[in-house]
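Fit chain B to the supplied structure of chain Z, relying on the hints for placement.
Going down the list, the sequences are from chains Z and B.
To get my numbering, take the position in the first sequence, counting from 1, and add 548.
To get my numbering, take the position in the second sequence, counting from 1, and add 13.
Everything labelled a hint here was simulated from the structure, so no lab data went into it.
Hints may contain errors.
No farther apart than 30 angstroms at their CA atoms in a straight line, the calculated lysine-lysine pairs in the BS3-like style are these [claimed, not checked]: (1) Lys-762/Z - Lys-631/Z; (2) Lys-902/Z - Lys-800/Z; (3) Lys-800/Z - Lys-762/Z; (4) Lys-163/B - Lys-655/Z; (5) Lys-211/B - Lys-765/Z; (6) Lys-141/B - Lys-163/B; (7) Lys-564/Z - Lys-141/B; (8) Lys-564/Z - Lys-72/B; (9) Lys-141/B - Lys-655/Z; (10) Lys-141/B - Lys-559/Z; (11) Lys-631/Z - Lys-141/B; (12) Lys-615/Z - Lys-559/Z; (13) Lys-211/B - Lys-631/Z; (14) Lys-911/Z - Lys-868/Z; (15) Lys-765/Z - Lys-631/Z; (16) Lys-655/Z - Lys-687/Z; (17) Lys-800/Z - Lys-631/Z; (18) Lys-211/B - Lys-23/B; (19) Lys-655/Z - Lys-241/B; (20) Lys-902/Z - Lys-892/Z; (21) Lys-631/Z - Lys-559/Z; (22) Lys-23/B - Lys-195/B; (23) Lys-735/Z - Lys-559/Z; (24) Lys-687/Z - Lys-72/B; (25) Lys-911/Z - Lys-892/Z; (26) Lys-765/Z - Lys-911/Z; (27) Lys-23/B - Lys-687/Z; (28) Lys-211/B - Lys-687/Z; (29) Lys-631/Z - Lys-564/Z; (30) Lys-762/Z - Lys-141/B; (31) Lys-800/Z - Lys-765/Z; (32) Lys-631/Z - Lys-655/Z.
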Amino acid sequence: MNSASPILEIKDLQAKRGGVPVLDIPDLDIRGGEVFSLIGPNGSGKSSLLLVLACLLPWRRGFLLFKGSSITPGNGLMAYRRKIAMVFQEPLLFDATVSDNVAAGLKIRAMSRADIHRIVTECLDRFGIGHLGERHARKLSGGEAQRTSLARAFAIHPEIIFLDEPFSSLDPPTREGLIDDLQRILKETRTTAVMATHDRLEALRLSDRMAVMKDGKIVQTGSPEAVMNHPLDEFVASFVGMETILSGEIIKTGSGTVMVHLQGGDIEAIGSARPGDRVICCIRPEQVTLSTGLSQESVSTRNTFAGRVTRIVPLGLFHKVSLDCGFFLTAYVTSASVENLDLKEGKPVFASFKATAVHLIRK
Amino acid sequence: MDLILEGIQKAFSLLFTLDPEVLGITWLSLAVSGAATLISLFIGISIGTAVALVEFPGKRIVISLINTGMGLPPVVVGLFVSIFLWRNGPFGFLEILYTPTAIIIAQAIIATPIVMGITLAAIQHLPKNLRLQILALGATRLQMVWLLMKEARLPLLAAVMAGFGGVISEVGASIMVGGNIKGYTRVLTTATVMETGKGNFDVAIALGIILLLLAFMVNALLTQIQQKQRPR
Numbered sequence: 549m550n551s552a553s554p555i556l557e558i559k560d561l562q563a564k565r566g567g568v569p570v571l572d573i574p575d576l577d578i579r580g581g582e583v584f585s586l587i588g589p590n591g592s593g594k595s596s597l598l599l600v601l602a603c604l605l606p607w608r609r610g611f612l613l614f615k616g617s618s619i620t621p622g623n624g625l626m627a628y629r630r631k632i633a634m635v636f637q638e639p640l641l642f643d644a645t646v647s648d649n650v651a652a653g654l655k656i657r658a659m660s661r662a663d664i665h666r667i668v669t670e671c672l673d674r675f676g677i678g679h680l681g682e683r684h685a686r687k688l689s690g691g692e693a694q695r696t697s698l699a700r701a702f703a704i705h706p707e708i709i710f711l712d713e714p715f716s717s718l719d720p721p722t723r724e725g726l727i728d729d730l731q732r733i734l735k736e737t738r739t740t741a742v743m744a745t746h747d748r749l750e751a752l753r754l755s756d757r758m759a760v761m762k763d764g765k766i767v768q769t770g771s772p773e774a775v776m777n778h779p780l781d782e783f784v785a786s787f788v789g790m791e792t793i794l795s796g797e798i799i800k801t802g803s804g805t806v807m808v809h810l811q812g813g814d815i816e817a818i819g820s821a822r823p824g825d826r827v828i829c830c831i832r833p834e835q836v837t838l839s840t841g842l843s844q845e846s847v848s849t850r851n852t853f854a855g856r857v858t859r860i861v862p863l864g865l866f867h868k869v870s871l872d873c874g875f876f877l878t879a880y881v882t883s884a885s886v887e888n889l890d891l892k893e894g895k896p897v898f899a900s901f902k903a904t905a906v907h908l909i910r911k
Numbered sequence: 014m015d016l017i018l019e020g021i022q023k024a025f026s027l028l029f030t031l032d033p034e035v036l037g038i039t040w041l042s043l044a045v046s047g048a049a050t051l052i053s054l055f056i057g058i059s060i061g062t063a064v065a066l067v068e069f070p071g072k073r074i075v076i077s078l079i080n081t082g083m084g085l086p087p088v089v090v091g092l093f094v095s096i097f098l099w100r101n102g103p104f105g106f107l108e109i110l111y112t113p114t115a116i117i118i119a120q121a122i123i124a125t126p127i128v129m130g131i132t133l134a135a136i137q138h139l140p141k142n143l144r145l146q147i148l149a150l151g152a153t154r155l156q157m158v159w160l161l162m163k164e165a166r167l168p169l170l171a172a173v174m175a176g177f178g179g180v181i182s183e184v185g186a187s188i189m190v191g192g193n194i195k196g197y198t199r200v201l202t203t204a205t206v207m208e209t210g211k212g213n214f215d216v217a218i219a220l221g222i223i224l225l226l227l228a229f230m231v232n233a234l235l236t237q238i239q240q241k242q243r244p245r
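So here's chain Z without its partners, still in its complex pose:
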């Protein structure tokens, strides 16, 4: 199949849950073989959309098309459900052994004992739980249980797999291992995957494309690179980790660059706009560098501002440093730099970032 042709499409779809509208999706397509992530805060409709795509939540109006043909409860629903699989945040294992759990979907399809045994063995090995086959599901660790749940989903060789926050209840090392394995297995089996997650880094790592959701609507769809660096609005910008979001007005335009006037300073940015346009400037914190003196390099960068450290929050590998430069700016600084620059609250510093690091959103 052409990997760019949609395997699953949504047209003009609206859904309610308990009488409350939860989804309003005019258009969405999932391409064959891709990993597609739905990201958004809790209650944004990711899980509902996933359930609709898996045909597990009835919708009020609109269409769901699988390889071009419409799926409705009366038409093709069972056939469709037998081509998909789903993994939830909770492993939802049956009160039985690991092998019996992985065999569940195959037993539902009334496969022969020999086939079931072969596929189960293969799937257990694939997820690195071959030694747990006879273990009872209630005796597994969180990571082992989620591996079992994933093995059960992959056992039926689904064309599309739906993952609803599959790693959220796992501790970080367990999560790391499982994400790596899942990524490898998705690639090996060329399975199309749709994953809901509130963790943008997880989505960034696994996805070919992603969609940001808010209040049951899709706000932006695109490659992880495009969504992370070119958010379409303030909500997406803050959700994808643009720590600095400032409103301003264009005062000057040059060749491909513009000058934005903010309260407390002027910022140079790349883009095309007309003087007088109201814009929002978004700056990723990892693009901001700090220094205590003006070096040759920072002088050549136009966006250099003197400011004062207002707050330092340690985040493990790096520190989140908040600055007051007349406007508020946030920078991520490695722990080593915090020590070298002897950063502390109240200390005067210079902050600089390139014009290309500023993403402009037209108001």
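Just chain B now, with coordinates in the frame of chain Z:
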């Protein structure tokens, strides 16, 4: 003290000599309560599961009614079954009052809400997304219900025990609709009541011990099955 010791002595002699009358009463108790439990399982599990899975207006009221039914007083059931089966009653033409069938009907009515209530709670207690997970595995609606019941098998066995325990030990309804007719509708509980009334404490104790043993053996068997299913 002598009274009790003699009673126990007599009880064991009745047991070990396999007194035909006592055996007959024991067998009838087992058969009647067993049949009533089977009927209650059939009705209770299917309706209990349906109520647990289907959303409909007034569901809460229905659940409260079922839960109230779990404590249905046997004498009230006996009274209403008697009225319905009375010669001039709506089902008088069946002519089954004072037969073992009447006792089975009354006991089934007592056990059904118990089984239904426990089934309902057991199915509702399963994780909410489990149903969706099973459907996503490609199951039909029937396969889903079967897998859910399988998942709830331990509490469902508890329902069997509670249902059987409730009816084998019940006396009010059995005496009212069965009549305690010797060799026909006399069961362990009604016989115990009668013998105690007559002052034959030895026989009453014997019957009481048999009743306890019977309840114990059936529950031990079911418990054995239930505990074997638990993870090692």
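Results for each hint:
About 29 angstroms separates the Cα atoms of Lys-762/Z and Lys-631/Z, which keeps this hinted pair within 30 angstroms; it holds. Pair hint Lys-902/Z plus Lys-800/Z holds up; C-alpha atoms about 17 angstroms apart against a cutoff of 30 angstroms. About 34 angstroms separates the Cα atoms of Lys-800/Z and Lys-762/Z, which puts this hinted pair outside 30 angstroms; it is violated. With a C-alpha separation of about 14 angstroms, the suggested pair Lys-163/B and Lys-655/Z falls inside the 30 angstroms cut-off, and the hint holds.
A hinted pair counts as satisfied when its Cα atoms are at most 30 angstroms apart, and Lys-211/B with Lys-765/Z does not qualify at roughly 80 angstroms. For the hint pairing Lys-141/B with Lys-163/B, the CA-to-CA distance comes to about 16 angstroms; that is within 30 angstroms, so the pair holds. Taking the CA atoms of Lys-564/Z and Lys-141/B, the gap is near 18 angstroms; set against the 30 angstroms cutoff, the hint holds. Between the alpha carbons of Lys-564/Z and Lys-72/B the distance comes to roughly 21 angstroms, so the proposed pair stays at or under 30 angstroms and holds.
With a C-alpha separation of about 22 angstroms, the suggested pair Lys-141/B and Lys-655/Z falls inside the 30 angstroms cut-off, and the hint holds. Pair hint Lys-141/B plus Lys-559/Z holds up; C-alpha atoms about 29 angstroms apart against a cutoff of 30 angstroms. In summary, the hint linking Lys-631/Z to Lys-141/B is supported, as the alpha carbons are separated by about 23 angstroms, within the 30 angstroms threshold. For the hint linking Lys-615/Z to Lys-559/Z, the alpha-carbon distance of about 13 angstroms falls within 30 angstroms, and the restraint holds.
The hinted pair formed by Lys-211/B and Lys-631/Z fails the criterion: a straight-line CA distance of about 72 angstroms is larger than 30 angstroms. Proximity of Lys-911/Z to Lys-868/Z is assessed by CA-CA distance (about 28 angstroms); at most 30 angstroms being required, the pair is judged to hold. Distance check on the hinted pair: Lys-765/Z and Lys-631/Z sit about 27 angstroms apart at the alpha-carbon level, within 30 angstroms; holds. For the given pair, Lys-655/Z sits about 23 angstroms from Lys-687/Z by alpha-carbon distance, which is consistent with the 30 angstroms threshold.
Distance check on the hinted pair: Lys-800/Z and Lys-631/Z sit about 56 angstroms apart at the alpha-carbon level, beyond 30 angstroms; violated. For the hint pairing Lys-211/B with Lys-23/B, the CA-to-CA distance comes to about 16 angstroms; that is within 30 angstroms, so the pair holds. Among the hinted pairs, Lys-655/Z with Lys-241/B is consistent with the structure: their alpha-carbon atoms are about 23 angstroms apart, no more than 30 angstroms. At most 30 angstroms may separate the alpha-carbon atoms for a hinted pair to count; Lys-902/Z and Lys-892/Z meet this at roughly 24 angstroms.
Proposed proximity of Lys-631/Z and Lys-559/Z is supported: the alpha carbons are some 21 angstroms apart, at most 30 angstroms. Proposed proximity of Lys-23/B and Lys-195/B is supported: the alpha carbons are some 20 angstroms apart, at most 30 angstroms. As the CA atoms of Lys-735/Z and Lys-559/Z are separated by approximately 28 angstroms, the hinted pair is consistent with the 30 angstroms bound. Restraint check for Lys-687/Z and Lys-72/B: not satisfied, since their Cα atoms lie roughly 36 angstroms apart, outside the 30 angstroms limit.
A distance of roughly 36 angstroms separates the Cα atoms of Lys-911/Z and Lys-892/Z; the hinted pair therefore is violated under the 30 angstroms criterion. At most 30 angstroms may separate the alpha-carbon atoms for a hinted pair to count; Lys-765/Z and Lys-911/Z meet this at roughly 20 angstroms. Only pairs whose Cα atoms come within 30 angstroms are accepted, and Lys-23/B paired with Lys-687/Z is rejected, the gap being roughly 51 angstroms. Simply put, Lys-211/B and Lys-687/Z have alpha-carbon atoms about 58 angstroms apart, too far for the 30 angstroms limit, and the pair is violated.
At most 30 angstroms may separate the alpha-carbon atoms for a hinted pair to count; Lys-631/Z and Lys-564/Z meet this at roughly 25 angstroms. At most 30 angstroms may separate the alpha-carbon atoms for a hinted pair to count; Lys-762/Z and Lys-141/B meet this at roughly 25 angstroms. With a C-alpha separation of about 36 angstroms, the suggested pair Lys-800/Z and Lys-765/Z falls outside the 30 angstroms cut-off, and the hint is violated. With a C-alpha separation of about 15 angstroms, the suggested pair Lys-631/Z and Lys-655/Z falls inside the 30 angstroms cut-off, and the hint holds.
Comparing the model with each earlier hint shows violations of hints 3, 5, 13, 17, 24, 25, 27, 28, 31; every other hint is respected.
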